[in-house]
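K.L.:
Here are the chains, one letter per residue:
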Amino acid sequence: MPPRASKRKSAPPNSSSVTSSDGRSEGIEALCSDLGVDYTDVRILMLAWKLKAEKQGYFTQDEWQTGLKALGVDSLSKLKKALSDLEKEVEKPSNYEDFYTYAFRYCLTEEKQKSVDIESICELLNLVLGVQFRPQIDSLIEYLKVQNDYKVINSDQWINFLRFCKEISFPDLENYDATQAWPLILDNYVEWMREKHS
Amino acid sequence: MENKAIGLDKGWDYMQKGITKLKRILEGLPEPPFTSEEYMMLYTTIYNMCTQKPPHDHSQQLYDKYREAFEEYISSTVLPSLREKHDEFMLRELAKRWANHKVMVRWLSRFFHYLDRYFIARRSLPTLNEVGLTCFRDLVYQEVHAKVKDAVITLIDRALLKNVLDIFVEIGMGKMDRYEDDFEADMLQDTGAYYSRKASSWIEEDSCPDYMLKSEECLKKERDRVSHYLHSSSETKLSEKVQNELLVAYANRLLEKEHSGCRPLLRDDKVEDLSRMYRLYCKIPQGLDPVANIFKPHITAEGTALVQQAEDATSNQASSAPGVQEQVLIRRTIELHDKYMAYVTDCFQNHTLFHKALKEAFEVFCNKTVTGNSSAELLATFCDNILKKGGSEKLSDEVIEETLEKVVKLLAYISDKDLFAEFYRKKLPRRLLFDRSANDDHKRSILTKLKQQCGGQFTSKMEGMVTDLTLARENQANYEDYLRSNSAAHPGIDLTVTVLTTGFWPSYKSFDLNLPAEMVKCVEVFKGFYETKTKHRKLTWIYSLGTCHINGKFEQKIIELIVSTYQAAVLLLFNASDRLSYSEIMAHLNLTHDDLLRLLHSLSCAKYKILSKEPNTKTISHGDYFEFNSKFTDKLRRIKVPLPPVDERKKVVEDVDKDRRYAIDAALVRIMKSRKVLGHQQLVSECVEQLSRMFKPDIKAIKKRMEDLITRDYLERDKENQNMFRYLA
Numbered sequence: 001m002p003p004r005a006s007k008r009k010s011a012p013p014n015s016s017s018v019t020s021s022d023g024r025s026e027g028i029e030a031l032c033s034d035l036g037v038d039y040t041d042v043r044i045l046m047l048a049w050k051l052k053a054e055k056q057g058y059f060t061q062d063e064w065q066t067g068l069k070a071l072g073v074d075s076l077s078k079l080k081k082a083l084s085d086l087e088k089e090v091e092k093p094s095n096y097e098d099f100y101t102y103a104f105r106y107c108l109t110e111e112k113q114k115s116v117d118i119e120s121i122c123e124l125l126n127l128v129l130g131v132q133f134r135p136q137i138d139s140l141i142e143y144l145k146v147q148n149d150y151k152v153i154n155s156d157q158w159i160n161f162l163r164f165c166k167e168i169s170f171p172d173l174e175n176y177d178a179t180q181a182w183p184l185i186l187d188n189y190v191e192w193m194r195e196k197h198s
Numbered sequence: 001m002e003n004k005a006i007g008l009d010k011g012w013d014y015m016q017k018g019i020t021k022l023k024r025i026l027e028g029l030p031e032p033p034f035t036s037e038e039y040m041m042l043y044t045t046i047y048n049m050c051t052q053k054p055p056h057d058h059s060q061q062l063y064d065k066y067r068e069a070f071e072e073y074i075s076s077t078v079l080p081s082l083r084e085k086h087d088e089f090m091l092r093e094l095a096k097r098w099a100n101h102k103v104m105v106r107w108l109s110r111f112f113h114y115l116d117r118y119f120i121a122r123r124s125l126p127t128l129n130e131v132g133l134t135c136f137r138d139l140v141y142q143e144v145h146a147k148v149k150d151a152v153i154t155l156i157d158r159a160l161l162k163n164v165l166d167i168f169v170e171i172g173m174g175k176m177d178r179y180e181d182d183f184e185a186d187m188l189q190d191t192g193a194y195y196s197r198k199a200s201s202w203i204e205e206d207s208c209p210d211y212m213l214k215s216e217e218c219l220k221k222e223r224d225r226v227s228h229y230l231h232s233s234s235e236t237k238l239s240e241k242v243q244n245e246l247l248v249a250y251a252n253r254l255l256e257k258e259h260s261g262c263r264p265l266l267r268d269d270k271v272e273d274l275s276r277m278y279r280l281y282c283k284i285p286q287g288l289d290p291v292a293n294i295f296k297p298h299i300t301a302e303g304t305a306l307v308q309q310a311e312d313a314t315s316n317q318a319s320s321a322p323g324v325q326e327q328v329l330i331r332r333t334i335e336l337h338d339k340y341m342a343y344v345t346d347c348f349q350n351h352t353l354f355h356k357a358l359k360e361a362f363e364v365f366c367n368k369t370v371t372g373n374s375s376a377e378l379l380a381t382f383c384d385n386i387l388k389k390g391g392s393e394k395l396s397d398e399v400i401e402e403t404l405e406k407v408v409k410l411l412a413y414i415s416d417k418d419l420f421a422e423f424y425r426k427k428l429p430r431r432l433l434f435d436r437s438a439n440d441d442h443k444r445s446i447l448t449k450l451k452q453q454c455g456g457q458f459t460s461k462m463e464g465m466v467t468d469l470t471l472a473r474e475n476q477a478n479y480e481d482y483l484r485s486n487s488a489a490h491p492g493i494d495l496t497v498t499v500l501t502t503g504f505w506p507s508y509k510s511f512d513l514n515l516p517a518e519m520v521k522c523v524e525v526f527k528g529f530y531e532t533k534t535k536h537r538k539l540t541w542i543y544s545l546g547t548c549h550i551n552g553k554f555e556q557k558i559i560e561l562i563v564s565t566y567q568a569a570v571l572l573l574f575n576a577s578d579r580l581s582y583s584e585i586m587a588h589l590n591l592t593h594d595d596l597l598r599l600l601h602s603l604s605c606a607k608y609k610i611l612s613k614e615p616n617t618k619t620i621s622h623g624d625y626f627e628f629n630s631k632f633t634d635k636l637r638r639i640k641v642p643l644p645p646v647d648e649r650k651k652v653v654e655d656v657d658k659d660r661r662y663a664i665d666a667a668l669v670r671i672m673k674s675r676k677v678l679g680h681q682q683l684v685s686e687c688v689e690q691l692s693r694m695f696k697p698d699i700k701a702i703k704k705r706m707e708d709l710i711t712r713d714y715l716e717r718d719k720e721n722q723n724m725f726r727y728l729a
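Chain order of the listed sequences is S and P. Counted the way this note's numbering counts, the first sequence spans residues 1 to 198. Counted the way this note's numbering counts, the second sequence spans residues 1 to 729.
Just so you know, the hints here were simulated from the structure itself, not pulled from any lab data. Treat the hints loosely; a few may be bogus.
Between beta-carbon pairs, the in silico distance windows are [claimed, not checked]:
hint, chain 1, residue 1, chain 2, residue 2, range
1, P, Glu584, S, Asn188, 48 to 54 Å
2, S, Lys92, P, Lys651, 41 to 47 Å
3, S, Asn188, P, Thr540, 41 to 47 Å
4, P, Glu463, S, Glu174, 52 to 58 Å
We treat Cβ as the ideally placed atom computed from N, Cα and C, and that holds for glycine.
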């Protein structure tokens with residue numbers, strides 16, 4: 001999930017004034033509105049990645065400050081510009097996988113939580129991979145919602161979704177080999193696809 | 001002997017006379033044979049001419065003249081005589097000439113022998129013998145051998161042939177290349193063409209058995225040919241050629257012949273023809289493969305047909321007792337196995353290829369489900385029936401033993417062995433508890449066989465069950481002693497208790513049945529007794545397995561009813577009330593709807609109507625009323641009122657699935673622990689192999705377990721290679 005709005009009072013996205021009583025920064029919703037970006041926008045997630053935010057929906061003081069310094073940003077307009085640069089940075093192959101893995105981890109809200117529920121996964125997939133792999137993601141999301149073998153997705157399966165989009169030709173799925181180490185959920189997905197199209 | 005040196009011409013003249021004499025003898029002209037003196041003279045002449053001092057030692061010239069003698073004779077006499085004859089006559093002439101030539105060489109080399117000893121040895125020249133043969137080879141053989149070969153191939157007279165062919169061999173002077181190149185190669189080709197023509201006409205007209213008979217005869221004929229006049233080295237090549245033309249080239253057409261090929265032969269059990277087929281094809285490399293490839297699907301088809309028959313029979317005759325058709329199926333499968341095993345051992349000489357075909361064929365259809373039951377279950381039921389007291393047919397001990405052996409053999413073909421084990425384990429206690437079934441020996445023997453197949457772990461529980469029973473009998477004796485000594489404690493009803501050790505026996509549901517008062521007292525008394533024997537043990541009563549003998553006082557007569565404890569509990573309620581509703585009974589006994597329905601059905605709608613039901617329909621519903629049926633009677637004084645058993649199949653399948661999941665997990669962890677890093681496919685195949693003794697794991701199930709292990713941090717995927725897994729300690 002992209003960073004959720006918090007309920008405390010908002011503060012301007014100024015590095016020095018983003019504080020609260022417990023040292024946590026907040027006001028992401030306000031931040032979003034200031035940036036002119038919807039809070040469900042993937043760029044906020046990218047920002048979280050860049051800031052190496054630990055907890056979903058929050059930026060700590062440290063994360064905020066270090067992150068903004070890394071971006072070389074000290075004003076709102078600069079932050080806006082940095083966001084678009086950030087998109088390009090994330091798309092670099094070396095960073096993309098890291099960002100992708102981060103996106104999953106970011107959704108683990110509880111301690112010791114290892115998997116994310118299907119609903120959230122579908123939204124996350126849409127957000128993170130939807131632009132680049134629209135047809136695959138749409139089809140995959142459709143399947144995830146219909147099947148009932150799995151109620152949650154773990155990180156191993158998550159990683160393999162990306163691999164699947166990158167490596168397997170779509171929509172024929174010709175080069176998919178179920179005897180390899182693909183997670184069972186993808187084997188089932190491919191079977192479902194093949195039945196649908198036969 | 002003169003002392004003067006002998007001149008060459010003079011000496012040669014003398015020799016020439018001897019040579020001419022020899023020639024005349026060879027030609028068959030009247031001429032007296034050589035005397036010893038004549039021979040000595042000729043020999044000595046040569047000797048002298050060679051030992052004379054130079055310039056009179058004429059060794060070299062004599063050597064040359066020796067050769068010339070042959071050449072002259074051959075050119076003037078031998079060759080012309082051969083040239084004017086043809087075919088068989090030519091061969092005859094050649095044989096004669098060759099024999100003559102050998103004689104000539106023998107004699108002349110004796111005359112000129114001295115040359116061999118010193119002149120030839122010193123100069124390392126070809127020996128006299130070699131020279132003689134070489135002359136024949138160069139002059140005669142070179143010219144005629146092609147014609148000879150043609151003549152031979154069309155010739156019939158064997159003795160002559162042998163002589164002529166020997167020429168080919170001997171001309172080679174130690175090596176076989178003359179024989180092989182000049183004769184054998186063409187002979188083989190020609191033979192091949194001959195049989196190819198024959199084969200193409202036979203294949204059209206003859207049936208498979210006839211064709212095979214003819215082939216066998218041809219092979220035999222050719223072998224005879226070799227032994228009679230060909231050189232033995234030809235045998236393998238000739239056989240191969242004939243086989244090739246007759247059997248290999250037409251293998252498919254022959255075997256596939258519609259009305260007489262391999263399949264029909266199998267169908268019609270033509271044992272002799274099949275044996276012949278094996279004999280013919282076993283010598284050809286990979287010749288047996290097509291036969292095996294027909295054998296296997298044939299068996300599979302027959303087996304599948306049996307399965308289909310059973311399916312159809314059960315769905316058609318709804319009236320036949322459940323399970324009968326399946327038992328028939330098992331019996332027929334055993335018969336089928338015996339039949340084809342006999343084929344493999346007799347016709348096919350125990351060849352591994354056919355053993356393999358049989359095994360694979362059986363594996364295919366033995367694992368098909370029949371009327372919703374897996375074959376593992378059917379097999380377990382079959383065993384159970386055999387072992388029950390008497391079984392459905394009263395079989396003798398040896399027959400039972402034999403049948404059990406065969407059953408265990410069939411078990412080898414079933415991939416879900418653990419399913420069989422579980423069903424067998426479920427049926428065994430019932431047999432042990434209710435039947436006191438016939439033969440302990442059988443029980444033990446089948447356990448031993450199963451141990452061999454499935455491992456000790458599986459049979460240990462069953463052995464435990466058998467032991468429990470022995471102990472229980474002792475225990476009962478002790479209990480009876482106890483009652484005798486404490487007569488006040490006697491509950492008034494005879495009670496027999498079997499105490500089972502929980503771990504060995506399948507888990508039974510035990511309900512909080514509200515026992516009738518009489519029974520409650522029994523339970524209490526036994527509990528008291530048991531506590532005197534062992535403390536620290538909890539007794540859980542399984543009423544579902546108990547039996548009761550109740551006397552029913554019907555109008556006509558008293559009948560003893562043998563019923564289960566539950567049924568007894570229901571019946572005893574009618575001591576207090578005449579008429580009870582379904583819900584009242586339910587309230588009294590505290591049973592589930594499913595159980596109660598079964599119970600009431602067995603007492604009011606089945607064979608013996610102990611209770612009368614209102615309304616008098618065939619099924620029980622919640623609004624029914626029940627009354628004691630005093631009008632009930634039967635010709636027997638004692639009847640058993642059966643309770644249909646619960647279908648535990650679903651539970652068994654569930655239990656097995658659960659066990660399998662653990663087994664897969666354990667296998668995966670075991671493998672990864674020792675290998676540390678392993679590729680996906682290898683891991684899967686090793687896992688399948690490890691578990692193959694008990695069942696054939698589903699690949700998807702393995703994948704799922706692997707994912708689970710990843711989530712539980714036993715394994716992780718390698719970062720670089722998605723198909724590799726790593727063990728996490």
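K.L.:
Give a verdict on every hint.
P.N.:
Results of checking the hints against the structure:
no. : hint                            : result
1   : P:Glu584 - S:Asn188: 48 to 54 Å : holds, 51 Å
2   : S:Lys92 - P:Lys651: 41 to 47 Å  : violated, 57 Å
3   : S:Asn188 - P:Thr540: 41 to 47 Å : holds, 43 Å
4   : P:Glu463 - S:Glu174: 52 to 58 Å : holds, 55 Å
Violated hints amount to a single one, hint 2; each of the other numbered hints is respected by the structure.
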